[in-house]
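Enquirer: We have chain A; now place chain B onto it with these hints.
As a plain string of letters, each chain reads:
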Amino acid sequence: MKKNLTILLIEDDMIEVMKLNRTISKLEYPHKIIEAKNGEEALSILFKKDRLPDIILLDLNMPKLNGIEFLSILKNDSELRYIPTIILTTSNNRKDVLECYKIGVAGYVIKPLKFGDYVELIKRVLDYWSCNELIKG
Amino acid sequence: MENSKIEILERALERQKAARKAAEKILEEKSRELYMVSEELKVSNEKLEESLSQKTSELEGVFLNIIDAYIVMDIMGNVLSMNDAAVEMLGYDASKESFNLTAIVKEEYLEYTEKAFKDLYEKGFYKNYQAIIKTKNNEEKLVQVNSSIIYNKEGKPIAAQGILRDITQENIYKELIEQQKKQLDIIVDHSPIGISLSRKDDIGLLMANNSLTKMFGFSQEEFKKIKLQDLTFDDDKEISEIKRSELYNDEIESYSLNKRYIKKSGEIVWAKTSVTGVKDTNNKVKFHVTTIEDITKEKRALEKLKDSENRLSTLIVHLQSGILLEDNHKNIQVVNKKFNSLFGQCENDNSFQGSKVSYFHEKVKHLFKYPEQFLDINSLVMQKNDEVYKQELELLDGRVIERNGIPIVQDGVYKGYLWSYYDITIGKRYEESLEAQKEKYSSIIANMNLGLLEVDNNDVILLANQSFCDISGYSLNELVGKKAADLILTDDSKVVFDSKMNRRERGISDSYEVKATSKSGETRNWLISGAPNYNVNGKLIGSIGIHLDITEQKNLEKQKEELLNSLEKQNEQLNEYAHIVSHDLKSPLRSISALLSWTKEDFAEKIGEDSLINLNMMEDKVEKMDKLIGDILNYSSIEDQGMNNNDVNVNEVVERIIDTIFIPNHIKVVIKNKLPIIKADSTRLQQLFQNLISNAINYIDKEKGLVEVDFEDAKDFYIFSIKDNGVGIPKEYHEKIFKIFNTLGDYEKSTGIGLSIVKKVVELYKGEIWLESKVGVGTTFFFSIKK
Chain A
1 MKKNLTILLI EDDMIEVMKL NRTISKLEYP HKIIEAKNGE EALSILFKKD
51 RLPDIILLDL NMPKLNGIEF LSILKNDSEL RYIPTIILTT SNNRKDVLEC
101 YKIGVAGYVI KPLKFGDYVE LIKRVLDYWS CNELIKG
Chain B
1 MENSKIEILE RALERQKAAR KAAEKILEEK SRELYMVSEE LKVSNEKLEE
51 SLSQKTSELE GVFLNIIDAY IVMDIMGNVL SMNDAAVEML GYDASKESFN
101 LTAIVKEEYL EYTEKAFKDL YEKGFYKNYQ AIIKTKNNEE KLVQVNSSII
151 YNKEGKPIAA QGILRDITQE NIYKELIEQQ KKQLDIIVDH SPIGISLSRK
201 DDIGLLMANN SLTKMFGFSQ EEFKKIKLQD LTFDDDKEIS EIKRSELYND
251 EIESYSLNKR YIKKSGEIVW AKTSVTGVKD TNNKVKFHVT TIEDITKEKR
301 ALEKLKDSEN RLSTLIVHLQ SGILLEDNHK NIQVVNKKFN SLFGQCENDN
351 SFQGSKVSYF HEKVKHLFKY PEQFLDINSL VMQKNDEVYK QELELLDGRV
401 IERNGIPIVQ DGVYKGYLWS YYDITIGKRY EESLEAQKEK YSSIIANMNL
451 GLLEVDNNDV ILLANQSFCD ISGYSLNELV GKKAADLILT DDSKVVFDSK
501 MNRRERGISD SYEVKATSKS GETRNWLISG APNYNVNGKL IGSIGIHLDI
551 TEQKNLEKQK EELLNSLEKQ NEQLNEYAHI VSHDLKSPLR SISALLSWTK
601 EDFAEKIGED SLINLNMMED KVEKMDKLIG DILNYSSIED QGMNNNDVNV
651 NEVVERIIDT IFIPNHIKVV IKNKLPIIKA DSTRLQQLFQ NLISNAINYI
701 DKEKGLVEVD FEDAKDFYIF SIKDNGVGIP KEYHEKIFKI FNTLGDYEKS
751 TGIGLSIVKK VVELYKGEIW LESKVGVGTT FFFSIKK
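Which chain is which? The protein sequence lines are A and B, in order. Residue 99 in the UniProt record's numbering sits at position 99 of the first sequence, with consecutive numbering throughout. Residue 38 in the UniProt record's numbering sits at position 38 of the second sequence, with consecutive numbering throughout.
Since the hints were derived computationally from the structure, they do not count as laboratory data. Source: prediction; values computed, not measured. There's no promise every hint is true.
Said to hold, decoys possible - DEER-style ranges, computed between Cβ atoms:
1) A:Asp50 with B:Leu585: 19 to 27 Å
2) B:Leu564 with A:Asp50: 53 to 61 Å
3) A:Arg124 with B:Asn665: 26 to 34 Å
4) A:Asp50 with B:Ile677: 57 to 65 Å
5) B:Phe741 with A:Arg124: 23 to 31 Å
6) A:Leu98 with B:Tyr577: 51 to 59 Å
7) A:Asp50 with B:Asn665: 25 to 33 Å
8) B:Asn644 with A:Asp50: 43 to 51 Å
9) B:Thr490 with A:Leu98: 41 to 49 Å
10) A:Arg124 with B:Leu564: 20 to 28 Å
11) A:Leu98 with B:Leu564: 39 to 47 Å
12) A:Phe47 with B:Asn665: 53 to 61 Å
13) B:Ser566 with A:Phe47: 21 to 29 Å
14) B:Asn571 with A:Ser72: 39 to 47 Å
Claimed, not checked - Derived DSS-like pairs (lysine-lysine); straight-line CA-CA distance at most 30 Å:
15) A:Lys102 with B:Lys627
16) B:Lys224 with B:Lys304
17) A:Lys114 with B:Lys224
18) B:Lys494 with B:Lys519
Claimed, not checked - Interface residues of chain B toward chain A, partial, derived using beta-carbon atoms under 10 Å:
19) Glu478
20) Leu595
21) Ser597
For glycine and all other residues, C-beta sits at the position ideal for the given N, C-alpha and C.
Looking at chain A on its own, in the form it has when it is part of the complex:
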């Protein structure tokens, strides 16, 4: 019994945004994607707190507020901290991995090179999360 997820994608790379949208449509998933180009934009969306996303997909390397800084702010908020956040990045820097899990992330996935592999990966992640019981805003 799959749920329709509201996904907040925080990604500065336009093509990456396109990759996710294309993947969702290719898979014909009913999930709704909210786009934020960087950390500030994402925070302003979240702090409205009218409709909170079910999960957040977060890129780490971003201009201005980077992924880890954003994550810290998020985890300090009494409400927002409960939103499962999955890191979606090209960097497998061990230091970053440790830091993210320390602050608190629900997952850490590396973007594969090939789009086919990417689709496969996103499918599994979204399938997994749509099976989960989530906090509804």
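Expert: What follows is chain B alone, placed relative to chain A:
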């Protein structure tokens, strides 16, 4: 009745009186007759002899010595006749006047005299009558009278005759002798010396005094049956016997012996025994007087003295210094073994003994380095007899002899001179070498580049060397007497120093660093090596510290530390940078890859075959570039730091690789022997094996490929090997292939980094990598990992 009785008694008395008168008359007549007879005797000696026959033999003696006073008296004591000697003695002359003997006897002798007369009358003689008489000249004389009765032919006593001797003088002597004897007895009895009198053949002593009884424990009664010979100690019997017989044979008059006796208690007593013979009138020894003096104590003391003398002389003989004793005439009395050996004589040689000291001097002078000097100083000493103290004499053979001499003076009188000689060669050499050593070390201390400081128990400076002055900036004068810590150390360092001082008191030496302030106010770093300092008695008297100024080293160390820190930081930044760069490079690749795949997807029908091939080639290049970026990142992140070295089961690591990497169907990867568990970082190990196994697979050109993973347990290393039956590597490339970006052959996905990563990892584990290869046959890579 009473009166009649009295009358009867009176009448009886009267009768008796008459009877006595009649008897007296008869007696008078009778004595007159006797007188007549004696008159006749006088006339004829022969007649007298006849009439008195051989009455008594003693009378005969009396008459023979008729020069004595002689009287004849009647039995009443009236002197009838007397000779001239009697007249002279008594002053009375019976031929001129009549007198009665009893009348001239002193009153107190009257009774005795009466009794004597009675005895005389009854027994016929009376011997040794002694009484004091008064002569006519009123002189008192003690006379002795021996008298006898003269009987007539009928055997009736008619008169008495007596010989008188004036014994007045004799008696005085006798009394004197008696008195003297008493005094003598007292002396003998109270003498501390035992005295005995014995007769030759008696079984006991005639006399033994108190001291003797006390000395031997026998009573005087017991001594009557014991002779001193009987008590003589067995060993001394023979000589005692000889002496006694000499005495009795009149060969000697007396003798004296120190001999032993056995007391009643069984103890032995040493006694000085003096025996003197007592001769009789025939000049023959009849008695002997023995005086015995207990000398046990003296004897013991003497023995002790002898013992100690013996010990002393043994000591001298064996003394480790040569001893020479001179008497007051410069004669050698004693030399000991050591003395002999010092001067090259046989140890028990006696040639010096008894000779003149000068003989010794002459005899040994050639042994000395300066013989004349030796003789000179000797003659000087001999003149003055002064003390000689620690005089050193050098011998030709290199020995050095030290001698001390002291005159022996007893009660202010010079008795001799005592020399002691020592061989001090070793001590001397030792001293010299000690001196040399001391000089050497002093020079080292003075010239060494280390500051040396000696302090007492209160940290007051006693000594500092030049280097210490140099590094502290103070002069020696400014240092000595000051408290070291107060003068030099910074406050922080003083705390450290105090704790070290505590350790020093417990005898612990150690090294520590302090900050010191030099005279110019500069703060310097010093390394101090401190050790407790003890005196010869092992008592802690302070400490000695060696100071090294390590400010420069310290600064260098600090610089090095800073450098290391900045290096680490830079490394970290570099690592970070590599990641960012790799991300930044990878992101566009991902976009390109996505766009390419979408183009292929979206325009699959519109693009031709050739274009599709081109797009595919583009995808391949993008992929290779992505791998290149990944490999560079891997290579750059292989460092010592961040390695987690745990027990890793290599077998599992390799099996996992075989499971995960792509292996074409015609190739088999096998583990020949079970791989060990080693201490390593599993990620690095995986990189290592994965690269080598991938390489092996990639270069296999045979129909059936085989990759064998094996290992060998060498002594300090594990040697792993990965063997393939691939194309093989020509010899000239065996080294080149490990260099970064170098690739061999035509495997298009090769980045040229894989083997560089492998080599870097192996080197991290202090191992080596090498290979054996035959072109066309295959290659075996070996690498070792240190245990």
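Enquirer: Against this structure, judge whether each hint is valid.
Expert: Going through the hints against the structure:
{"no.": "1", "hint": "A:Asp50 with B:Leu585: 19 to 27 Å", "verdict": "39 Å, violated"}
{"no.": "2", "hint": "B:Leu564 with A:Asp50: 53 to 61 Å", "verdict": "54 Å, holds"}
{"no.": "3", "hint": "A:Arg124 with B:Asn665: 26 to 34 Å", "verdict": "27 Å, holds"}
{"no.": "4", "hint": "A:Asp50 with B:Ile677: 57 to 65 Å", "verdict": "58 Å, holds"}
{"no.": "5", "hint": "B:Phe741 with A:Arg124: 23 to 31 Å", "verdict": "36 Å, violated"}
{"no.": "6", "hint": "A:Leu98 with B:Tyr577: 51 to 59 Å", "verdict": "18 Å, violated"}
{"no.": "7", "hint": "A:Asp50 with B:Asn665: 25 to 33 Å", "verdict": "57 Å, violated"}
{"no.": "8", "hint": "B:Asn644 with A:Asp50: 43 to 51 Å", "verdict": "47 Å, holds"}
{"no.": "9", "hint": "B:Thr490 with A:Leu98: 41 to 49 Å", "verdict": "44 Å, holds"}
{"no.": "10", "hint": "A:Arg124 with B:Leu564: 20 to 28 Å", "verdict": "46 Å, violated"}
{"no.": "11", "hint": "A:Leu98 with B:Leu564: 39 to 47 Å", "verdict": "24 Å, violated"}
{"no.": "12", "hint": "A:Phe47 with B:Asn665: 53 to 61 Å", "verdict": "57 Å, holds"}
{"no.": "13", "hint": "B:Ser566 with A:Phe47: 21 to 29 Å", "verdict": "41 Å, violated"}
{"no.": "14", "hint": "B:Asn571 with A:Ser72: 39 to 47 Å", "verdict": "26 Å, violated"}
{"no.": "15", "hint": "A:Lys102 with B:Lys627", "verdict": "29 Å, holds"}
{"no.": "16", "hint": "B:Lys224 with B:Lys304", "verdict": "37 Å, violated"}
{"no.": "17", "hint": "A:Lys114 with B:Lys224", "verdict": "154 Å, violated"}
{"no.": "18", "hint": "B:Lys494 with B:Lys519", "verdict": "17 Å, holds"}
{"no.": "19", "hint": "Glu478", "verdict": "59 Å, violated"}
{"no.": "20", "hint": "Leu595", "verdict": "7 Å, holds"}
{"no.": "21", "hint": "Ser597", "verdict": "4 Å, holds"}
The structure shown violates the earlier hints numbered 1, 5, 6, 7, 10, 11, 13, 14, 16, 17 and 19.
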